[in-house]
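Residue numbers (my numbering), protein chains in the order written: chain D, 1 to 136; chain L, 1001 to 1274; chain Z, 2001 to 2135.
Careful, some of the hints might be misleading.
Distance condition first, Cα-Cα at most 25 Å in a straight line; then the derived SDA-like pairs of lysine to any residue [stated by the list, open to error]:
| no. | chain 1 | residue 1 | chain 2 | residue 2 |
| --- | --- | --- | --- | --- |
| 1 | Z | K2135 | L | W1187 |
| 2 | Z | K2112 | Z | E2055 |
| 3 | L | K1164 | Z | E2055 |
| 4 | L | K1156 | L | G1134 |
| 5 | L | K1164 | D | A107 |
| 6 | Z | K2118 | Z | C2040 |
One side of the interface only, derived from the structure: several residues of chain D facing chain L at Cβ under 8 Å [claimed, not checked]:
| no. | residue |
| --- | --- |
| 7 | N6 |
| 8 | G17 |
| 9 | H21 |
| 10 | Q23 |
| 11 | L25 |
| 12 | V30 |
| 13 | G31 |
| 14 | N37 |
| 15 | L45 |
| 16 | C46 |
| 17 | L116 |
Simulated from the structure, these hints should not be mistaken for lab results. No residue lacks a Cβ here, since even glycine has one placed at the ideal position from N, Cα and C.
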Amino acid sequence: MIDYKNVLTTCPYCGTGCALHLQVLDEKLVGVLPAKNHVVSEGGLCIKGWNVHAFVNHPDRLTTPLIRKNGKLEEATWDEALTLIADKFGEVKTASGPDSVAILTSAKCTNEENYLLQKFARAVIGTNNVDHCARL
Amino acid sequence: MTDRLTTLRKTIENVLPNVEGVLALRIGPGGITAPHLFSKEHSEELDKLALWPKEPVPDTLKIILRAHPDAKLAIVCRGCEERGIVEMFKHSQLNLDNLTLIGLQCEQDEAEFCRCAKPFTVHSKLTVGEPIEGVPDPLTAKIEAMSQPEKQAFWKQEFEHCIKCYGCRNICPQCFCNICALEDETWVETGRLPMPNPSMYHMVRAMHMTAKCVACRECEETCPADIPMAVHFRLIARDVREMFNYEPGASMDQKPPQLLVLEEGEYERSGLPH
Amino acid sequence: MYEPKIIGFLCNWCSYRGADTAGMARMKYPPNVKIIRVPCSGRISPELVLRSFREGADGVILLGCHIGDCHYATGNHRTAKRMPVLKKLMEYTGIEPERLYINWVSAAEGEKFTTVIKEFTETISALPPFVETMK
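The following block holds chain D by itself, in its conformation from the complex:
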């Protein structure tokens, strides 16, 4: 039994929002097809969109947070990592003021996540230093 599926999704790389089909063959991601009659991309993709399937199951992809201990990156749990981040942010903020912190958000996040991140920067940290990788 051959199991071939096309899963319609949006390219995660930048804010343009090109539509693409992920080609799934026997539960494995094998390729990308542009969506021809989609209003945004009209069947076009850039080189990043064309290779979007490559990073999903890549062995180099990070699956857990890493913490540098004695100069070496070691795998850690989310609780450990978040506690560490909160501690360090607190330390820096008390020592040098809130404007010593900057927040970089990402085009790979959703609109809501980006909203939360700027809210976090302004309301929790107290800085306007927010920027974005896809600030074109």
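Here the structure of chain D is known, so what remains is to put chains L and Z in place on it, guided by the hints.
Quick look at chains L and Z alone, frame taken from chain D:
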């Protein structure tokens, strides 16, 4: 359109019990069409069967057959897609024994959209729709009529728009090499946009499409910069027809000229010195 | 008047020997041609020719064994099939097809070698420098 759609559905329903799947187009979420493998277990999916826009079905077939070389499949193909499948067969990319071709004849507006000279199938035993005559290609004629400096300026401008997405190569049913010359830095410079003129990328690709391009125009359609690259391929295809008497996809057993030695009269037609 | 840069791809078995013959007979030919020896004219892929132009060559000349005399039996058949198509492609892209020249020179044809090079250098000198036309 509905008429062709009903006939196609009936044909697929007849074929389905004898094969593992039928590759055709389906309307997906949001009205977006995509190639889909219809199976007898889920024949109700045929409600969503679609005809247009043209999608690279041979390319999908290639992906499936690489994982399942002995699968018994059927495919709904237009004239150009059928030519693509025949050329893939000639280059040992697939086996035609287990493949049932369902030919879908294009209609006038579809042929005009593709500027297609051969909008009909020739090898398919099962066909849907009435074959029509080819239409002229005004764009190719216009570009060919330009003077040499005009051509130079025209292509320079077009190639400057290229963002090197490699989409034309990815979507091409005839681009199946494991090692691609276009990814070799010896030939195609990386990290420079716009590309230096003349564009190595497009020139090398045009050379590699010689006697292979089946004029399906998928490359032009997927190009985010709307570069009319098929014009190059079509002009060269005409020369290949004149020099080597070869038309990609026209016959099952004629071998591509690049795999053969010179034949009687070919040298004389090449325009090389004697 | 500029001095054109010409790249000459010469097949090891015939044309390169032909150039040797010309040299031994002390025949004169223009010094614009930079000769690259290749095992067979069939080795010259369209990519190599295009790259030569990209690197600033004004003309590319390709010399091989006569059809039927190839050391590898049918190597030059590839040249005879590919290069006319490349010339057509150059024409369609707006590059003068005269910038690419293919001919056959055997080991004994020193005389023909010099005439071919002379004529080709004259043709290229009449054209503007390639890099200028591509700007």
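Requested in this report: Starting from the hint list further up, note which numbers the structure goes against and sort them upward.
Outcome: Violated hints: 2, 4, 8, 17; rest satisfied.
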